[in-house]
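A.B. asks: Please dock the two separately framed chains into a single complex, following the hints provided.
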Amino acid sequence: MGNAVIRFDQVSKRYEGGHEALSQLTFEVAKGEMAFVTGHSGAGKSTLLKLLALIERPSHGHISLDGQSLAKIGRSGIPKLRRSLGMVFQDHRLLMDRTVFANVELPLVIGGIAPLERGRRVRAALEKVGLLDYERQLPASLSTGEQQRVGIARAIVAKPNVLIADEPTGNLDPQLAVEIMGLFAEFQQVGTTVLIASHDLPLIKRMKKRVVVLDHGRLVADVAAEEVL
Amino acid sequence: MSTPTDVQPPTRSERSHRRPVSSWREHHSWSAGASLRRLASKPVGSFLTIAVMGLALALPLAFYLLLSNAQSLGDALGRNQVINVFLKPDQVAANAQLLAKQVQQHDGVANVTLKSPQQGMDELSKMQGFSDSLHALDDNPLPYVLEVQPQDGLSADAVGHLVDDLRGMQGVDMVQDSGTWRQRLDALLGVGNRAVLILAALFALAVLLVVGNTVRVDITSRADEIGVLKLVGASRAFVRRPYLYAGIWYGLSGGILAVALALLIEFALVDPVARLSQVYEGKLHVGGLPPWLLLAVPIAAAFLGWLGARLVSAWQLRRAA
Chain A
1 MGNAVIRFDQ VSKRYEGGHE ALSQLTFEVA KGEMAFVTGH SGAGKSTLLK
51 LLALIERPSH GHISLDGQSL AKIGRSGIPK LRRSLGMVFQ DHRLLMDRTV
101 FANVELPLVI GGIAPLERGR RVRAALEKVG LLDYERQLPA SLSTGEQQRV
151 GIARAIVAKP NVLIADEPTG NLDPQLAVEI MGLFAEFQQV GTTVLIASHD
201 LPLIKRMKKR VVVLDHGRLV ADVAAEEVL
Chain B
1 MSTPTDVQPP TRSERSHRRP VSSWREHHSW SAGASLRRLA SKPVGSFLTI
51 AVMGLALALP LAFYLLLSNA QSLGDALGRN QVINVFLKPD QVAANAQLLA
101 KQVQQHDGVA NVTLKSPQQG MDELSKMQGF SDSLHALDDN PLPYVLEVQP
151 QDGLSADAVG HLVDDLRGMQ GVDMVQDSGT WRQRLDALLG VGNRAVLILA
201 ALFALAVLLV VGNTVRVDIT SRADEIGVLK LVGASRAFVR RPYLYAGIWY
251 GLSGGILAVA LALLIEFALV DPVARLSQVY EGKLHVGGLP PWLLLAVPIA
301 AAFLGWLGAR LVSAWQLRRA A
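Respectively, the protein sequence lines represent chains A and B. The first sequence begins at 1 in our numbering and counts up one residue at a time. The second sequence begins at 1 in our numbering and counts up one residue at a time.
Source of the hints: derived by calculation from the structure; they are not laboratory data. Even for Gly, the Cβ is constructed at its ideal location relative to N, Cα and C. Be a bit skeptical, because a hint or two may be false.
Calculated lysine-lysine pairs in the DSSO-like style (CA-CA distance at most 27 Å, straight line) [claimed, not checked]:
1) A:K50 - A:K80
2) A:K208 - A:K31
3) B:K230 - A:K31
4) A:K31 - A:K205
5) B:K230 - A:K50
6) B:K88 - B:K101
7) A:K208 - A:K50
8) A:K31 - A:K72
9) A:K80 - A:K31
10) A:K72 - A:K205
11) A:K72 - B:K101
12) B:K230 - A:K80
Facing chain B, according to a computed beta carbon distance under 7 Å, are these residues of chain A, among others [what the hints assert, rightly or not]:
13) R83
14) L95
15) A102
16) L106
Pulled out of the complex, with its shape left as it was, chain B reads as follows (with noise of 0.2 Å):
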C-alpha cells in the first residue's frame, strides 16, 4: 500500500514555513467557533448565566431610566417655577409698575406680570369655597403682586440670590418662591445618581463573579480534554482562549439581554409618561435610554465577561498545570 503523502513526514521547506498571522487568526476563528457551540451544547445552563447576568445588568439601567426621568419631571416643573414678590397695601399702581419694570432689568428673571389687587380677587373667586366669603369683605385686602420667573436653567443658588435681592427691594411686603421643592428633589436625585452608580458597580461585579464561576466549573469539568490539549502540542493560551470568548459571549448575550429588558420597561413607562407630559401641556419631554448606552452596556458586559473568564482561567489552568 503506497502512503499518501500528505501523511508523509514533512519536508523542511514545510517545516520553516511559518505563518503567524494566519495561525493567529486561524486559532481565534476555531477558539470562538468551539466555545459557541459549547455554549449552544447546554443550553439551559448557559440560558440561566446569561438570564442571571441580564437581570443583574438591567437593574442599574432601569434605575438609570427612572432618574433620568425624574430629572425631565424636574427639569420641567422647574420652567414652572414662580417667585411670587407681595408689595405692600400702600403701593399704588404706578409704584407696582415701576417695581415690576426694575425687576425685569435683573440678570435671573426671565419675565415678570404684575396682577393687581382686582385681578388677585378675580382669580380667588373662581375657586370653588371662596365666593362667598369674598362677598363679605368689604373692601379688597389683597396687595400688588409680581409673579416673576425665573430665567431657565438658573441654579438653585442664583434662584436664592434672585429671592434674596427682591426681598431687599423697597415696597416689597414678602416674597414666596415656590422653588425650594426643587432643591429638594435635586438633592433626591443627587442621592440616586449615586446610588445608580454604587448598584452598577455591584452589579459588574457580580457578573465577574458569575462568569468566573461558570468557567471555573467549565474548566474542572473539562480537565480530561485539557490535558489530551497539552499533550498534543497546545500552548495554555490556546487552552484558555476558547474559555476566554465563552466569557465574551456570555457577558455579550446577558449585556443585550439586559438592554432589551431596559426597553420593555421603557416601553412600559410611555403610556403614563405621556398623560404626565399632557398634565404639564406638553413641557415634559420624557427621554429613553440614550443610544450610546444601549451600545456601551453589551460592549462593557463582554468586557467584564473576558476578565472573569481571563483572572479565573488563569488561575484554574496554572492549578491543572
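Extracted from the complex, chain A is given alone in its bound form (with noise of 0.2 Å):
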C-alpha cells in the first residue's frame, strides 16, 4: 500500500515480567481510511495504539505514522508527534476543573495559537460534536456520553491527520455510541485517517469499515470495508 499513513511491519511488545501484547504484527492504514482493531480483552488493542502514542516502545519491528519512522523520534520530539495526533481515551482523560471550553482549547494552547484563532477553532469543533452551548459549563456536570464528546472535540480541534480512539463506546448505551462512530466516520470522509480500538462487534460490523482482528497480540483477521457482513 503506496499511501500508508499508519504501517506497523513486524511488531512485538513485550512488557517486564515477559507478557508479550504484541506478536509480529503487521498491517498499514492508508490516508483517509477508517479502521477498527478489535478483539478480546487483552488482546493488544491498547498497546497497539500506546505504540502509535509512543506511550509505550516496541520490543522490535518498526512502526511508521505519516512516513515518519517512530524509532527515530527521541524523548524530546514525543510531543510534537503526539501534537499531529488525535487521541480519544475511553475514560476522556479531561481535566475536570476546567470549563469545557478549556479542555477542548489545550492543543491549541500548545501549539501557540492566538487566542481569538483558538476560540473560532473551539466553537466550531464544539459545534460539531454538539455541544456549543455547553463551553463555559465544567465537565462533571456532563453525562458520559457528553464527555466523551468532549474529548473528540478535543482530539479533532488542532486539525490532526490521524485520529486514534481507545474503546471511545466503552461506557456508552447503544444509541449514543453510534452517533459517536457517526462522528468519526465523517472526520474519515474529510481525510482524516481514523484508527479506533473497540471490543463492540456489533457496533463494529454496522459501521462497515475495515476490521484488524487481533488475537493474544497476533494479527488473525483483517477484513476489508466491503467484506464485513
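C.D. replies: What follows is the structure in C-alpha cells.
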C-alpha cells in the first residue's frame, strides 16, 4: 500500500515480566481510511495505540506514522508527534476543574495558536460534536456521553491528520455509541485517517469499515470494509 | 451533515506555517494567566505562602532600617564629638592662645575654642549642686582648656592620631577624647551589618524552600493534569512553565508584602525619631529604606521564587516522567 499513513512492520511488544502484548504484527492503514482494531480483552488493542502515540516503545519491529519512523523520534520529539495525532480515550482524560472550552482549547494552546483563532476553532469543534452551548460548563456537570464528545472535540480541534481512539464508546449506551462512531466516520470522509480500538463487534459491523482482529497480540484477521457482514 | 472547515485536516500550507515567536508569546501569556488563576483558586493557601515569604523578607529589611538609623544616629553624635585639651596650670593666657592657633592649623581639626579658667568656673557654677562648693574655694583651680572639634567624617584612626598629636604638644597636661564610644558603636554596627547580610541570606534560602515546597505539592496534586497535558502533546517546558510563573507570583507578592511591612515599621518610627532628632537640634537625619531597595526586594524575591520553582519542578517532573 503506497499511501499508508500508519504502518506496523513485524512489531512485537513484550512488557517487563515477560507478557507479550503484541507479536509480529504487520498491517497498514491508508490515508483517509477508517479502521477498527478489535479482539478480546488483552488482545493487544490498547498496546497498539500506545505504540502509535509513543506511550510505549516496541520491543521489535518498526512503526511509521505519516512516513516518519517512530524509532527515530527521541524523547524530545514525542510532544511534536502527539500534537500531530488526535487521541480519544475511553475515560475521556478531561481536566475536571476546567471548563469544556478550556479542555478543548488545550491542544491549540500547546500549539501556540492566538486566542482569537483558538476561540473560533474551539467553537467549531464544539459545534461539530453538538456541545456549543456547554462551553462554559465543567465536565463533571455533563453526562458520560457528553464528556466523551468533549474528548473528541479536543482530539479534532487541532486538525490532526490521524485520529486514534481507545474504546471511545466503552461506557456509552448503544444509541450514543452509534452517534459517536458517526462522528468519526465524518472525519474520515474529509480525509482524516481514523484508527479505533473497540471490542463492540455489533457496532463495528454496523459501521461497515475495515476491521483488524487481534488475538493474544497476533493478527488473526484483516477484513476489508466491503467484506464486513 | 457537512463538516466545518475548522475541523478538517490541515492543508500543507497550514502545516508548514510556523510562528515560533508568536507561539512563544502565546505560551507565556497562557502560562502566566493559568498560574495566576491557580493561585486565585486557592486564596487561603496562596495568602499563607505569600505571608510567610513576606514576613521572612521583612525581617532583614527591618534590621537594615534599624541599623541604617543607628548609623545615622552615630554620625549625628559624631558631629558633636569634642576633644578636651587641658593645659598645665602654669600656662598663662598668651601661651594658651598660641597653643590654640597651633592646634587650629592641624589637618584634622575643624574648630578650636579656648576656654579660660573663669569661663570654666562659670559653667560649673551653673550646674546644680556645684554652686555652693565652688564658693568655698579660695582661688580658681581650673586650667585653660581647648575644646577641639575634629573635622566631619574623620575616621576613628585619624581622630586617634589627632589625640596623640595633641598629647605631645608642649604645655598640654591632659587630653580627654569623648570619641571612644563612637569606635565601640562603629564596631557594633559592623557586627550588625554582617548579621543583616547573614539573615538576608538565610531568609532568601527560606523563600527558596517555601516556594519549592509549594510547587512540589502543587505538582504532586496535579499529576493527572500533567499526564493529560503530555498526552495531548505538551512539552516538558510547557508543562513546567505555569509552575515557574507561580514561583514568580509568589516571590513578587511576598517581596511587595515585605516592602509594605518595612514601610509600616518605618512609619511607626517616624514620631520617636523626630523627637530624638529634636534632642540633637535637628542634626539627626533619619533615613528610610532607599528607593532602589524598595524596587530591588520584590524583583529579587520574584527571582528567588522562580529559582525555587525551577529547581523543584525540574526534579519533580523528571520523577513524574
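A.B. asks: Are the hints correct? Go through all of them and say.
C.D. replies: Hints, verified against the model:
About 16 Å separates the Cα atoms of K50 (chain A) and K80 (chain A), which keeps this hinted pair within 27 Å; it holds. For the proposed pair K208 (chain A) and K31 (chain A), the alpha carbon gap of about 18 Å is at most 27 Å, so the pair holds. Under the criterion of a C-alpha separation no larger than 27 Å, the hint pairing K230 (chain B) with K31 (chain A) is consistent with the structure, at around 26 Å. Distance check on the hinted pair: K31 (chain A) and K205 (chain A) sit about 22 Å apart at the alpha-carbon level, within 27 Å; holds.
Taking the CA atoms of K230 (chain B) and K50 (chain A), the gap is near 13 Å; set against the 27 Å cutoff, the hint holds. Note on K88 (chain B) and K101 (chain B): the hinted pairing holds, with a Cα-Cα distance of about 17 Å set against a maximum of 27 Å. This hinted pair checks out: K208 (chain A) and K50 (chain A) have alpha carbons roughly 25 Å apart, not beyond 27 Å. Restraint check for K31 (chain A) and K72 (chain A): the C-alpha separation of about 21 Å stays at or below 27 Å, so the hint holds.
About 20 Å separates the Cα atoms of K80 (chain A) and K31 (chain A), which keeps this hinted pair within 27 Å; it holds. Restraint check: the Cα-Cα separation between K72 (chain A) and K205 (chain A) comes to about 36 Å, which exceeds 27 Å; the hinted pair is violated. A threshold of 27 Å between alpha carbons decides the hint, and for K72 (chain A) with K101 (chain B) the separation of about 94 Å lies outside it, so the pair is violated. For a cut-off of 27 Å, the pair hint linking K230 (chain B) to K80 (chain A) stands: about 10 Å separates their Cα positions.
At its closest, the beta carbon of R83 (chain A) sits 3 Å from a beta carbon of chain B; the interface hint therefore holds under the 7 Å criterion. The beta carbon of L95 (chain A) is positioned within 7 Å of a beta carbon in chain B (closest approach about 6 Å), and the interface hint is therefore held. Checking A102 (chain A) against chain B: minimum C-beta separation of about 9 Å lies over 7 Å; hint violated. At its closest, the beta carbon of L106 (chain A) sits 5 Å from a beta carbon of chain B; the interface hint therefore holds under the 7 Å criterion.
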